[in-house]
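All the letters of the sequence shown, read from the start, carry residue numbers 12 to 322 under this note's numbering.
The set of hints was computed from the structure by calculation and includes no laboratory data. Among the hints, a few may not be true.
As the list claims (entries may be wrong) - Label pairs and their calculated CB-CB ranges:
1. P27 <-> A83: 16 to 26 Å
2. I212 <-> T73: 29 to 39 Å
3. G65 <-> P245: 21 to 31 Å
4. K211 <-> D58: 36 to 46 Å
5. G46 <-> I72: 20 to 30 Å
6. G60 <-> N125: 19 to 29 Å
7. G46 <-> N256: 19 to 29 Å
8. Q307 <-> N256: 23 to 33 Å
9. N125 <-> P285: 35 to 45 Å
10. I72 <-> R49: 38 to 48 Å
Unchecked claim - In silico lysine-lysine, DSS-like type, Cα no more than 27 Å apart, as pairs:
11. K211 <-> K265
12. K258 <-> K211
13. K37 <-> K211
14. K37 <-> K258
These figures come from a predicted structure and were not determined experimentally. For glycine and all other residues, C-beta sits at the position ideal for the given N, C-alpha and C.
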Amino acid sequence: MITLLSAPSNLGLRPPEPGSVPGTSKAPEALREAGLFRRLIVDGAVDGGTVLPGRYVDDDITRAAGHVRNEAQLIDHARRLARRIAGAIADGRAPLVIGGDCSLLVAAGLALQNNAGLVHIDGHTDFRHPGNSDQCASVAGEDLAAAVGLHWPAVANIDGRGPYFSPANTVHIGCREDDQHADEVRRFLGLVLPAHRSIKIGMTETARAARTTIGSAGYWLHLDVDVLDPIFMPAVDSPDSGGLNPKQLVDLLKALAPGAIGGQVTVFDPDLDPDGRHATLLAEIIAVGMADLGQQVKRPKQLTKDTTRWL
């Protein structure tokens, strides 16, 4: 059964404009209003509450070199969210984190302690890191690199727990053909399937290839909703054409969710959805696509209630 965890974080995103605040922190409540929580609870999910982040600060002027924006707040939130994720798994449930921005992947990895694979569904590779860019600052665009240990230790090795996921057991699905870091990601990860390739081979084959790459281990299922084409989902901070349509995404999630230990949904921005219609669409996609989250996987034996005490 699913445990719903709200994580209204925007700490890993750049401000839309100087002095402003990203709207992803409003996503969990917008999706609740759109009926997502009610639909999943009717089917047996429980509401595990909210893990509030610290205050978002536009710290571009004051932030020292070698640090990401809102670093202290982000790390604190990751530790607290990781505790809740690990606790749900230890109770035999599948955590579904409703975010929030993609930096939440750090918390998931911290909770799983390199005991699971990762399926990263995202319209971008999110693979910016100090080895390929001098513009590192926003973990929401650097989460996959941090998750596999390529970022600064402050975010990629919290409490000495990195790398959070093994690159060989990590799959990326959904980047666009012109993604800046696509070639590097292909060399580093177990499998990379850009959106156009997944569309060509179909969602069933995409999911099969992902599961084959990861093997028998369970995996964390990361969904950034900008994997959808902006024709269908423009309410994200970095929309790019060439993405999946809603049916394709539902089919992909339905094929992957049962084998996932847990998952997360990120980057929906209600500020860009004034009439709520995109929240309604996304609630439908999640409710149908992730209804069977965790139904075919056993929790990692390492994540017992005793081993979550470090958090």
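Exercise. Does the Cβ-Cβ separation between I212 and T73 fall within 29 to 39 Å?
Worked result: At roughly 47 Å between Cβ atoms, T73 and I212 fall outside 29 to 39 Å, so the hint is violated.
Exercise. Using the C-beta atoms of P27 and A83, is the stated range 16 to 26 Å upheld?
Worked result: Holds, at about 22 Å.
For this session: Using the Cβ atoms, figure out if K211 sits within 36 to 46 Å of D58.
Result: 39 Å, holds
Exercise. Is it true that the C-beta distance of G46 to N256 lies inside 19 to 29 Å, as the hint says?
Worked result: Check passed, 21 Å falls within 19 to 29 Å.
Exercise. Taken at face value, is the distance from the CA of K258 to the CA of K37 at most 27 Å?
Worked result: Holds - the C-alpha atoms of K258 and K37 are around 25 Å apart, at most 27 Å.
For this session: Using the Cβ atoms, figure out if G46 sits within 20 to 30 Å of I72.
Result: 41 Å, violated
Problem set entry | Outcome of range test on Cβ distance (Q307, N256; 23 to 33 Å) | About 26 Å separates the Cβ atoms of Q307 and N256, which means 23 to 33 Å holds.
For this session: Take the C-alpha atoms of K258 and K211, compute the straight-line distance between them, and say whether it is at most 27 Å.
Result: Roughly 14 Å separates the two Cα atoms, so the pair holds.
Problem set entry | Satisfaction of the hinted span 35 to 45 Å by the C-beta atoms belonging to N125 and P285 | Given range 35 to 45 Å: holds, Cβ gap about 42 Å.
Exercise. Is it true that G65 and P245 lie within 21 to 31 Å of each other by Cβ?
Worked result: 29 Å, holds
Exercise. CB of I72 to CB of R49, is that within 38 to 48 Å?
Worked result: At roughly 43 Å between Cβ atoms, R49 and I72 fall inside 38 to 48 Å, so the hint holds.
Problem set entry | Given pair status - K265, K211, alpha carbons within 27 Å | 18 Å, holds
In terms of the numbered hints stated before, the structure departs from hints 2, 5, 13, listed from lowest to highest.
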